[in-house]
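Protein chains: 2
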Amino acid sequence: MSGHDGAVLALSGGIGGAKLALGLSRVLPPERLIVVANTGDDFEHLGLAISPDLDTLMYTLAGLSDPERGWGRREETWTFMAALAALGGETWFQLGDGDLASHVERTHRRAAGETLSHITDDFCRRLGIGAHILPMSDDRVATRVRTPVGWLDFQDYFVRRRCAPEVSELAYDGAAQARPHPGFMAALADAGLRAVIICPSNPYLSVDPILALPGVRAALAACAAPVIAVSPIIGGRAVKGPTAKMMRELGLPVTAAAVAQHYDGLVDLFVVDHSEGEITLPNMRVSKAAILMTTLADREALAKAVLTFADELRAESRT
Amino acid sequence: MSGHDGAVLALSGGIGGAKLALGLSRVLPPERLIVVANTGDDFEHLGLAISPDLDTLMYTLAGLSDPERGWGRREETWTFMAALAALGGETWFQLGDGDLASHVERTHRRAAGETLSHITDDFCRRLGIGAHILPMSDDRVATRVRTPVGWLDFQDYFVRRRCAPEVSELAYDGAAQARPHPGFMAALADAGLRAVIICPSNPYLSVDPILALPGVRAALAACAAPVIAVSPIIGGRAVKGPTAKMMRELGLPVTAAAVAQHYDGLVDLFVVDHSEGEITLPNMRVSKAAILMTTLADREALAKAVLTFADELRAESRT
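Chain order of the listed sequences is C and R.
Numbered per my numbering, the first sequence spans residues 1 to 319.
Numbered per my numbering, the second sequence spans residues 1 to 319.
Keep in mind the hints are simulated off the structure, nothing from the lab.
One or more hints might be untrue.
[To be verified] Take a look, some chain R residues computed to stay more than 12 Å from chain C by CB distance:
1. Glu76
2. Phe80
3. Val104
4. Asp138
5. Ala221
6. Ala244
7. Leu269
8. Ala289
[Unchecked claim] One-sided and incomplete, this derived list gives chain R residues near chain C with beta-carbon spacing under 10 Å:
9. Leu64
10. Gly70
11. Arg73
12. Met81
13. Leu87
14. Gly88
15. Trp92
16. Leu95
17. Asp97
18. Gly98
19. Ala101
20. Glu105
21. Thr107
22. His108
23. Phe123
Cβ atoms here follow ideal geometry from the backbone N, Cα and C, with glycine treated the same way.
Let the sequences and hints guide you as you build the complete structure.
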């Protein structure tokens with residue numbers, strides 16, 4: 001028996017991806033789920049090492065995420081930010097008091113030489129998360145966007161400027177030199193892997209940084225398990241975040257089909273919402289499911305649907 | 001006219017000293033008060049630069065200190081500590097959410113090359129503090145205590161071990177190489193200085209680190225202004241903290257007179273509580289005042305009394 005027998009590998013960014021990851025963690029034995037998180041959004045702020053997507057996944061899978069706000073922790077307090085403002089500190093990036101513990105402890109442990117993945121693993125274990133959350137790499141990758149005001153660091157674009165500047169190009173600084181996490185590559189290479197699921201995250205900001213790591217595209221192409229992507233676009237709109245705006249700015253139609261095209265050659269099956277019209281693509285199948293995840297039941301139902309599609313593809317490929 | 005004409009210089013540790021510093025800041029034009037803070041308690045914790053006495057003085061003079069707890073900020077929240085505990089972080093040193101802003105911002109600015117005194121000055125200005133709070137030095141000094149379990153770092157002794165180990169000796173690592181803050185030395189050298197007040201802080205933990213800096217004892221001895229110390233001991237007990245326990249362990253009688261002896265040769269006048277018996281010392285005068293500062297009015301009354309003593313001494317020395 002292989003180490004990943006029946007394991008499911010999910011590639012995820014923050015909020016949208018974490019919803020499906022949560023669903024998967026509830027319909028699978030949690031230890032069978034490996035979530036590879038985008039770390040292209042990671043940055044240093046106030047001297048603290050901040051990993052937004054890793055933290056969103058961690059809080060979501062631990063049941064600690066805020067259900068209203070969509071980011072950060074539930075029952076959060078904001079005393080730090082108020083005191084920081086009074087001292088003249090930078091306040092464009094909101095750091096909740098409880099959230100701050102992740103950043104301070106991570107920064108402290110990284111300064112002592114621990115890897116991001118080791119720290120993440122320990123945090124998850126302590127928070128009772130059964131799934132394995134892995135940073136895509138322990139090396140630094142920094143997503144940047146080209147705009148009329150020049151190349152911007154991701155959080156400058158995303159938070160400080162609220163995605164206002166028009167994006168003409170993206171770059172993943174450091175990606176070509178970064179090593180994908182060995183656990184990620186081992187899972188992709190394992191014949192026992194049940195499925196690879198590209199969560200409904202922003203393709204350009206959350207998934208492409210993962211795909212930009214050396215060897216990842218080839219490993220996905222060679223992977224024995226079916227590769228399935230879930231559309232982040234429903235009815236021409238993004239469920240959350242700047243995906244739709246960014247697609248328009250990049251000259252793309254804001255459609256699920258355009259996202260599917262983006263994953264051409266990588267994905268065996270693309271999952272769109274029941275409300276979409278017929279989509280036919282040369283190199284991949286398209287299946288429909290209820291992909292708008294409002295409730296916890298929605299998350300679980302989509303997770304089950306995706307796993308069913310994967311198992312069907314696997315069964316077919318064996319016959 | 002000199003730059004310090006009519007200025008009052010107070011040497012202070014944390015809580016006890018800050019009470020008198022607050023009194024002084026309220027009975028003087030605040031810009032006439034210079035408070036030199038002990039930084040021997042400063043340490044790095046979780047990667048953060050923590051300056052307990054500077055912060056206590058800053059919070060006290062800004063009206064932000066907690067009146068009940070005696071340390072930290074009023075209306076503080078503790079979400080960070082709870083989240084840190086859940087992540088397996090070190091929790092022996094309590095960091096309130098608002099307090100954390102001081103440490104994070106200070107650490108960030110020190111890493112960018114700013115001095116502790118410059119940061120302190122900016123924090124105080126932003127918090128509306130009119131008095132000048134100066135760290136005793138911008139160089140690192142670390143108070144350590146010798147105990148049966150060996151030499152301990154100050155916060156290890158003071159907070160983690162709650163002052164339980166018996167102290168046989170104290171050391172101020174780095175003091176001999178540290179430069180006293182230039183503003184501190186300039187004030188001591190100024191003929192216009194009105195008074196030097198050694199606040200009722202722990203003589204061994206809070207005042208001696210300041211006195212251990214090169215040139216400070218000589219500058220105090222040469223200072224034109226009267227030097228007055230206020231006893232931290234009333235009726236054989238310390239108002240707060242480990243002063244009495246430490247005096248016993250060092251083989252000293254726990255009396256105001258023993259503290260006065262400790263300052264022999266440095267101080268012109270020693271202020272004890274009205275409740276004390278007669279104390280006669282060869283090299284200094286002793287005056288009485290109500291030195292237990294429970295209310296804000298107590299703080300102001302003691303500040304006024306000490307300034308009156310100083311002005312009487314100055315008037316005498318001129319005749």
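Right, here's what the structure says about each hint:
no., hint, verdict
1, Glu76, "violated, 7 Å"
2, Phe80, "violated, 5 Å"
3, Val104, "violated, 5 Å"
4, Asp138, "holds, 19 Å"
5, Ala221, "holds, 38 Å"
6, Ala244, "holds, 34 Å"
7, Leu269, "holds, 38 Å"
8, Ala289, "holds, 35 Å"
9, Leu64, "holds, 9 Å"
10, Gly70, "violated, 19 Å"
11, Arg73, "holds, 7 Å"
12, Met81, "holds, 8 Å"
13, Leu87, "holds, 5 Å"
14, Gly88, "holds, 5 Å"
15, Trp92, "violated, 14 Å"
16, Leu95, "holds, 9 Å"
17, Asp97, "holds, 4 Å"
18, Gly98, "holds, 4 Å"
19, Ala101, "holds, 4 Å"
20, Glu105, "holds, 4 Å"
21, Thr107, "holds, 6 Å"
22, His108, "holds, 4 Å"
23, Phe123, "holds, 5 Å"
Hints 1, 2, 3, 10, 15 from the list above are not met by this structure, while the remaining hints are.
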